[in-house]
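Same order as they appear, the protein sequences are chains A and B.
So in our numbering, the last spot in the first sequence is 353, and the numbers never skip.
So in our numbering, the last spot in the second sequence is 126, and the numbers never skip.
Derived by calculation from the structure, the hints in this document are not laboratory data.
Hints are supplied without guarantee of correctness; some may be wrong.
[As the list claims (entries may be wrong)] Computed cross-link-like contacts, EDC-like style, restricted to lysine to aspartate or glutamate with a CA-CA straight-line distance of at most 16 Å:
no.	chain 1	residue 1	chain 2	residue 2
1	A	Lys159	B	Glu95
2	A	Lys119	B	Glu126
3	A	Lys119	B	Glu123
4	A	Lys243	B	Asp66
[Stated by the list, open to error] The calculated label-pair distances, taken between Cβ atoms and stated as ranges, are:
no.	chain 1	residue 1	chain 2	residue 2	range
5	B	His44	A	Asp306	29 to 37 Å
6	B	Pro101	A	Lys168	48 to 56 Å
7	B	Glu87	A	Asn260	45 to 53 Å
Even glycine gets a Cβ: it sits at the ideal position worked out from N, Cα and C.
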Amino acid sequence: MKKKLISTAAGMGLLLSAACASAHFQMIYTPESALVKGGAIPVKLVFTHPFEAGHTMDMGTPEKFFVVRTRGENAPKTIDLKESLKPMTWTSLTNSGKAWETTYKARGGDHAFCLIPEPYWEGADNFYIKQNTKVIVNVGGEPGAWNEPVGLPTEIVPLCKPYDRWTGNVFQGQVLLNGKPVPGAEVEIEYMNHKPLLDSNSFAKEAAVEAPQDAYILQTIFADANGVFTFGIPREGWWGFAALDLDPDYTYKGKKCSRDAVMWIQAKDMK
Amino acid sequence: MKKIILGLAILLGSASVSHAHTPLCSCFDNGDDTITCEGGFSDGSSAAGVAMRLETSDGQVLLEGKMSEDSEFDFNKPAQDYIVVFDAGEGHRIRVPGKEIVE
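Only chain B is shown next, with the shape it has when bound in the complex (with noise of 0.2 Å):
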């Protein structure tokens, strides 16, 4: 029965946190051949040392790096296609494909 409680609250728990904190990213074209992405939570929490990946379609890793002190993150526009990964964990994720990533 204790076990059943404390799977519960950590259920609610849980979905509450989630509810709370979305997590967002946009990248925008600068332009010059570079990319800045933004990223945060919809409860305005910073997303400042959240893990950041460039892959290809089929999961190569093409570039790893983290959100800046102000939730950026910037790179030079690879020559194929890649996806922006913002992974702050587990139902944290978003995938931004560099197709849709416009000025």
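One chain only, chain A, in its complex shape (with noise of 0.2 Å):
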């Protein structure tokens, strides 16, 4: 009996770790991923609690930012952003956390915006966090090589066009690790619950749905043995896709450090 209890306590301990760490989102945030037209184009950077809007982390200086433009058949092309990043402050429903922003000026086709950022301390669970980032946004209808490895560490290569999405569609991608596939990676979502306020740098203190239940703030899947995974998308909007802890014996400056890959995709409704 006394060792159940210990193994179940042991268990809760674990489960109540993972759940504290995965709550954390990179954020890559430009409110339209399909735009119509090119043009200069928002981009923020936030590490936070999109559900919720909660706890904003800070920030620290990027390790790299950048933008791989795609169109059409030609070569791909790399733009360095990580200069013309801008601290400003994110403000959630409970704190004010550093983040930083940039704008950009898209032409036509694919730009899949690419953040590594500096590992992120978390007290409370003894360890690092590093959630390298994509968004894709496409100009024009005009696809590019969205379905290609950008090459990030750590990276979720979308199986679906990740920017014509309807709701009710599903969502697949596969989840990499130095290029090649993760077997049954778990992989953490979440909804973009509550409107991000570019002018504000803020969420709105209105959230879009309510969770019936605190299993429903965080969903979880795991991909399949090809690293894949396959998500049905309920709502319109921007949904985050976190595939946690790729690399279990990672550290950073002696530390364990949790080597994630987040994707953000926003669904159209049928209107």
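Two chains, two frames, some hints: make the complex.
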């Protein structure tokens, strides 16, 4: 009995730490993933808890932030955006955190924004979190290499065009570590439940939906043997996918570091 | 009867091609009195070599050229009103009025 209790307690500890760690989501936010026309678009980098517009963590200086532009059969062009980043403060419903912003001039085709952040020290869990994040924006409907890996150390590669999803479609992605599929990867999903307000760099107070119970705040699915996961999209808006701890032995500054891959997609209602 | 079937096949064939293969052309003002037009198709195929024209509203041709290997077409902004024509053949033609071209 004692043994059982201990193992249950240990199990609960595991569950708790997993739940805490995983609710963090690195955002690369711009209001529209499928633009009709090109032009200057705002881009915000925020490390937060998007469903609840909860605690926003202080971001360090990103290691890398760049965009890979692909259009039709043209060779990809990588544009470094790190120097264009300006620090700003993002306000959630519970606090404010250090974040970054820039403006990007987008012409036709696919623009894969890629962020490699500085690892974030999560004192409550005693480990670092490093969420390499990708968001693909398209201009004008002409596709590029959206289904090819950019080559991030951890990466979700979409198997469906990430900017053409209707509400009710599925989204499929393949989880990669150093370019190789991660069988059975754990993927957590959050809905951007509070509208980001770009003028004030904050989340709207009003939530779009209410979770009937805490499990719904952060959904969990697992990838198959090929690292492929499938998610049915129940509502329009932005959905974040975080594949967690893809390299369990990875360390940073002598401490464990959860090496995650994050991707966001935006779904639209048929109307 | 054979003719009808053939006709149907051609109709169906061309219909499915046009669905999977919508022409696309966007033009941008480079801010230095030059314009860049980017062409392509909705299935991602290249528009290299596609005929490009600048026309006046009454159909007078101001300039003729073609899409480059990178499916781009650059030209100096004309002083008069103009329309950019991306001409990949019947059903694959796009007209972009110069007035709508911004940075």
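Evaluation of the provided hints:
no., hint, in the structure
1, Lys159/A to Glu95/B, "holds (15 Å)"
2, Lys119/A to Glu126/B, "holds (10 Å)"
3, Lys119/A to Glu123/B, "holds (11 Å)"
4, Lys243/A to Asp66/B, "holds (12 Å)"
5, His44/B to Asp306/A: 29 to 37 Å, "holds (33 Å)"
6, Pro101/B to Lys168/A: 48 to 56 Å, "violated (38 Å)"
7, Glu87/B to Asn260/A: 45 to 53 Å, "holds (50 Å)"
Checked against the numbered hints listed earlier, the structure breaks hint 6 alone; every other hint is satisfied.
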